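Each residue of the sequence shown is one higher than the one before, starting from 1257 at the first, in our numbering.
The hints are simulated quantities; they were obtained by calculation from the structure and are not laboratory data. You may find that some hints are simply not true.
Cβ-Cβ distance ranges computed for the label pairs, FRET-style [what the hints assert, rightly or not]:
| id | residue 1 | residue 2 | range |
| --- | --- | --- | --- |
| 1 | 1266 | 1297 | 17 to 23 Å |
| 2 | 1268 | 1373 | 24 to 30 Å |
| 3 | 1290 | 1366 | 31 to 37 Å |
| 4 | 1276 | 1297 | 18 to 24 Å |
| 5 | 1291 | 1373 | 18 to 24 Å |
| 6 | 1330 | 1292 | 17 to 23 Å |
| 7 | 1366 | 1261 | 31 to 37 Å |
| 8 | 1270 | 1370 | 16 to 22 Å |
Computed from a predicted model, the values in this text were never measured in an experiment. Beta carbons: idealized from backbone N, C-alpha and C, even for Gly.
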Amino acid sequence: MVTATPAQARTVRALPLDPAEFGTPMPFPTVARSSAAFDPTDHWRGLARLDQSCFATEGLRRHGWTQDARRAVEHLLATADGPGGDGPARENYDPLTGRGRNSTHVSWSAALLLSLLRL
């Protein structure tokens, strides 16, 4: 497994946590909100996928930023339609509203959510 050096990790830490870029209501969308390519309806150019939210959170935790990871998990669980709202677990979410999109009742989404709870 390849990991970032501590210096590399510090360099990239701020952007994913920036509320104006990736700290959207459903965190860690596939593209920064300020990008011309950002489209909250596009699977590859804006939707927040649950697996990438988990990867981003795990990256924060592994580099020792446990408070940032905990806040990201709490935010994710509070805003996601499935775990924090009234809908089923979903594959991906609208980053601007947190509403679930596509693929309801995805079992790997439930497994990912459970893995986040250990942070």
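Tested hints:
In this structure the supplied range 17 to 23 Å is violated for residue 1266 paired with residue 1297, their Cβ-Cβ distance being about 33 Å. Taking the beta carbon of each, residue 1268 and residue 1373 are about 25 Å apart, inside 24 to 30 Å as hinted. Roughly 32 Å separates the CB atoms of residue 1290 and residue 1366, a value that falls within the hinted 31 to 37 Å. The supplied range of 18 to 24 Å is met by residue 1276 and residue 1297, whose beta-carbon atoms lie about 20 Å from each other.
Checked against the given bound of 18 to 24 Å, the beta carbons of residue 1291 and residue 1373, roughly 31 Å apart, lie outside it. Taking 17 to 23 Å as the suggested C-beta distance range, the pair residue 1330 and residue 1292 does not conform, at roughly 31 Å. Restraint check, residue 1366 to residue 1261: a C-beta distance of roughly 34 Å satisfies the suggested window 31 to 37 Å. At roughly 29 Å, the beta-carbon separation of residue 1270 and residue 1370 lies outside the given 16 to 22 Å, and the hint is violated.
Hint compliance for this structure: hints 1, 5, 6 and 8 are not met, and every other hint is.
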